[in-house]
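S.K.: Each of the two chains sits in its own frame; use the hints to bring them together as a complex.
Here is how the chains run, residue by residue.
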Amino acid sequence: MESKKQWSGGASLSISASSKIIDKSMVNYMTDKETKISALIVDDDAIIRKIHKTMLERLFNIEAEMVKDGKEAVDLYRSGANFDIIFMDKEMPIMDGPEATKQLRAMGVKSMIVGITTRAAGKDREEFLAAGSNRCFEKPLDRAKVEVVLQEHENFSI
Amino acid sequence: MEIHVFMGLLTLGPIVWKVLGKDILSFAFTVGFLDDQFNQLQKLQDESSPYFVMEVVTMFFGDSEKLLNSIALALEQKPVDFKSVDSHVHQFKGSSASVGAARVKDVCTNFRNICEAQDLEGCMRCLQQLQQEYFLLKNNLQYSFRLQQEIQAAGGSISSME
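For the protein sequence lines, the chains are A and B, in the order given. The numbering used here applies: residue 1 is where the first sequence begins, and numbers increase by one. The numbering used here applies: residue 1 is where the second sequence begins, and numbers increase by one.
Incorrect hints may appear among the rest.
Subject to a maximum C-alpha distance of 27 Å in a straight line, what follows is the list of computed DSS-like cross-link-like pairs (lysine-lysine) [claimed, not checked]: (1) Lys-66/B with Lys-68/A; (2) Lys-53/A with Lys-66/B; (3) Lys-53/A with Lys-43/B; (4) Lys-53/A with Lys-102/A.
Source of the hints: derived by calculation from the structure; they are not laboratory data.
If we strip away everything but chain B, and leave its shape as in the complex, we get (with noise of 0.2 Å):
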């Protein structure tokens, strides 16, 4: 249900965006997309590296879509490298943890568990799921990105989430 509301909001325009200012990230947190893993990476974030976080979660969009286009590609083939899916879906796993993706990581736990039975069918519906979860999250990352170098750039500032 959330991810409804979730992906109706993500259609209102930039202007309700900026009053609903630093909530974006709320409603990360409070419907799961996010986990305290990613307060602790905020709490890494100073003055000598302004922008680590975003760093951090570029390199993890960067290498998510790979991992992606990797899981899929190796569930086309005939037969199927169970091996290979797994050692893909627990690298996506490893990183989604370390980013607090925490939705991310939890379809990733059952991917695995899944991949372990051989079952090409559930293999494909949590590889769409994985897509999904991690689309959403990577939108919603980046309208929060946007939102917070418009606010530093009109002279406002950002506060972490606690």
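Just chain A, with the same shape it has in the complex (with noise of 0.2 Å):
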């Protein structure tokens, strides 16, 4: 069981059963009917995949799941699956990032979809911008770049 409280600036503390406080820098991200926000970590790279879903589920308490390529990602949403943000990698076997995004998109896919590449800026961005994803980072993966995306998420609320 948790408990959670919310200051006038924004920031909320999760408490849980245990009383441990979690991380007073920990932003519990929240959407309006309490269910945590869902990611999924698309990345052929299994070190990259468990700092990302570590990270995630650490730092700002986001539950991940991991594939290891764009047509597992796909493959996934057509079984039904579905996740708020999706963190896809550029460059991986069988198929890539900016395939599985036009993909995902072709099937009426909402999910902010972002893009993850070691060259973020020029033919990389635009490839993955063009395919239809909502933004391009370069690697690596950190808070900061996170926070932006669940800033920019429309079922962020704190």
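M.R.: Right under this line is the structure:
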């Protein structure tokens, strides 16, 4: 069981049943119906998947699932899954990020899609945005970038 | 210059490193082996996952050595498939950026440009530089982790770098 306290400045503090303060600077992102924001991490690199998942869960209390390439992401959505935010790597085997983004948008997927690439300026960024992503960041994904994404997320409330 | 200083320091015995304590990591930040992303990883480590950084870095070591071998093999092919080389370097760049291995990442950035130019000699030089930077970083981090384990086993504690 958790209790949540909010301050006028907008930050909130989440205290678990064990009375341990998780992190004074951690913001508990909740939708209007108090359900957690969900995320999908799409990256062929296991190290990056582990880091991103841990960061989203520890710093932002965001539940994150992971897949290894764009095709797995598309198949997951086809099977009926849905996520608030997709963090999509660019270069992956089988199906890359921009192609997966195109296919998801063609399916009518409204999730926020954030492209992540090693070269966020120029061609890579244009390719992601043209495919239908909302944003494109350079690796690594860090706390500040996730905060930007969450601020823009339409269901975000604090 | 700082690489030679660091290599010299590495030859000192464990007792001296114990005195230097966590300054091994300070040195790594100072000379640019590591950047703020490594700090971010340390902040993700807590009581529920006290070895998170070590786990991630160990995965990085394993993947990196496979990638270095793959790059070396790809450069031996006749003719060289520069797209294949670039693909491996790209992967290396991504993982090094994510663990905060700044100098390795920078070499990878340069390496990708050389690949694009299909400059074989340049690629061989980059590979050599990549191997050097990677093994320097690995030695640094392994020493640091070993010391941390010894300090913690002796009942001490390690504060994270800020």
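S.K.: Now tell me, hint by hint, if it's right for this structure.
M.R.: Results for each hint:
| no. | hint | in the structure |
| --- | --- | --- |
| 1 | Lys-66/B with Lys-68/A | holds, 19 Å |
| 2 | Lys-53/A with Lys-66/B | holds, 24 Å |
| 3 | Lys-53/A with Lys-43/B | holds, 14 Å |
| 4 | Lys-53/A with Lys-102/A | holds, 24 Å |
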